[in-house]
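Colleague: Sequence:
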Amino acid sequence: MTEPRRSDCAICMAEDVEQIRKCLETGSETPDCDCDGQGEPPLLKASRLGRVSVSQVLLEFGAQIDAPCREDSSTALIAAVAGGHLELAQLLIQRGADLNRQRKDGKFALMLAVEAKSFELMKLLLQTKGVKMGLTDIRGKSLLSYAIDANCLKTAQLLIEHGADVNGPYDRARPLLPVSMYMDGREEIFHALLNAGADVNAMDNNGRTALEVAVIKGNREAVKELLQAGSDANRIDSLMDTTCLIEVAVRGFKDIFHDLLTHGARIDLANATGRTPLIVAADKGHSELLKELTLLDKDLERMDYSGDTALSNAVKNGHFHAVKVLVEAGAKIGHVNKDGLSCVQIADRNGHTEIKTYLMEKAAEFGMPLAEMPKDPSVLSSDEDVATEYMPLEPKELSEQLSEAMERAGFTSERARLQIGLALVLEEMAREMWLDQRHMCGSYAEGWANNIR
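Take the sequence shown: its position 221, counting from 1, is numbered 221 in full-length UniProt numbering, and each next residue is one higher.
In silico DSS-like cross-links for lysine-lysine, where the CA-CA straight-line distance does not exceed 27 Å:
(1) K123 - K104
(2) K154 - K123
(3) K117 - K132
(4) K356 - K298
(5) K104 - K117
(6) K254 - K324
(7) K132 - K104
(8) K324 - K284
(9) K284 - K356
(10) K284 - K362
(11) K324 - K338
(12) K362 - K324
(13) K332 - K291
(14) K332 - K254
(15) K254 - K291
(16) K324 - K298
(17) K291 - K224
(18) K254 - K284
(19) K362 - K291
(20) K298 - K332
(21) K298 - K362
(22) K217 - K284
(23) K362 - K338
(24) K298 - K338
Pairwise CB distance ranges (calculated):
(25) M133 - S73: 20 to 26 Å
(26) N100 - G218: 40 to 46 Å
(27) G185 - L239: 23 to 29 Å
(28) D299 - G218: 24 to 30 Å
(29) L153 - R220: 19 to 25 Å
(30) Q228 - K154: 25 to 31 Å
(31) Y305 - S73: 52 to 58 Å
(32) R235 - E328: 31 to 37 Å
(33) F320 - K254: 15 to 21 Å
(34) G84 - L239: 39 to 45 Å
Derived by calculation from the structure, the hints in this document are not laboratory data.
Computed from a prediction, not measured in an experiment: that's the story for all the values here.
For every residue, glycine included, the Cβ atom is placed at its ideal position computed from N, Cα and C.
Sequences and hints are given; from them, build the entire structure.
Modeller: Shown next, in the form of structure tokens:
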């Protein structure tokens, strides 16, 4: 329970140091009294206000130098540093104040000086024996984290000179180097960390390194520096199984593409959706980069997990120039994806008339089919006939051809009636079994299944 606020504290009411001294000498007040009922000792209050003489008297009469504030656990030294009171901080340090005492939020004296860019206070604390450079706040942020936040190269350099860990955390999820690259305007701090030996392959909680961040931002100079420092060009992040080359393909950065290739980046690595740099570049329509990729990646028919190739992705998104690059490189126009759609059909469905016309003309020129039967016919949709959709027929002619094809396969009208009847019986049986929570299994189930094939 909080004590009632006092308004008659002699120390608080004293107008000068001598009055405070008399209060303490007579014993009317103690140096550690809760003078305002808020859990703030007199020494801490004097430190907040920067009152050196008052603090000296309180210490002379035995005030506890590290007595904390009830509200946030601040000490006199923390209060003095937070207020920018250099002389008072010197006094408290000389009297043995705990340099590493932390507030409830985890911040301590040096961290507050870094946050405020108070260089004289920083130097004072760093030169004092016993200060801990590896302390973090409750969010896991280190001293160098606050230097990055303040965008202060001078602070970062000072901390590094005094042993701050360049491989320490920025917070609980990220190391310092990737963050210094991610945050705008921190290039100088990034270089300071890199030159001090920061791990270039350190990953954040999504598996991203500083190299991937530099690639995403299009910072070629940083990419080159990181590669020269030993960054792994083939590191795969854990968010989307993405590589640096795939990030390049998303954005179309040709120069960075060459830098990565020079340092061993692989063009065959795919992301979580099965897309390689070639497929991604096609999907995004980066035709110039695509020209380079088609010279290196000859697997133009590689499919992503939707069954789409680089060409069908380019067609889907209406990237005419990318389509031309791929067709001229030898991509198959007749590829059919898992939805049973050929490239021509995809163009038609998405309203890309120019691409559709181009594909049909090229198919005729090269003698290519407009649609090839996929290796697994089950991918074809029940309402699609990819082999005939772009061979215009009169309705009567089409009906006759369909009837003949079904008869050759054994689908007579009599058999159709039997199949329908059997399907209705099985449907009723299935409904009853489901209501009774019964299951058909083993050879018995297989036998029934065979009867409806």
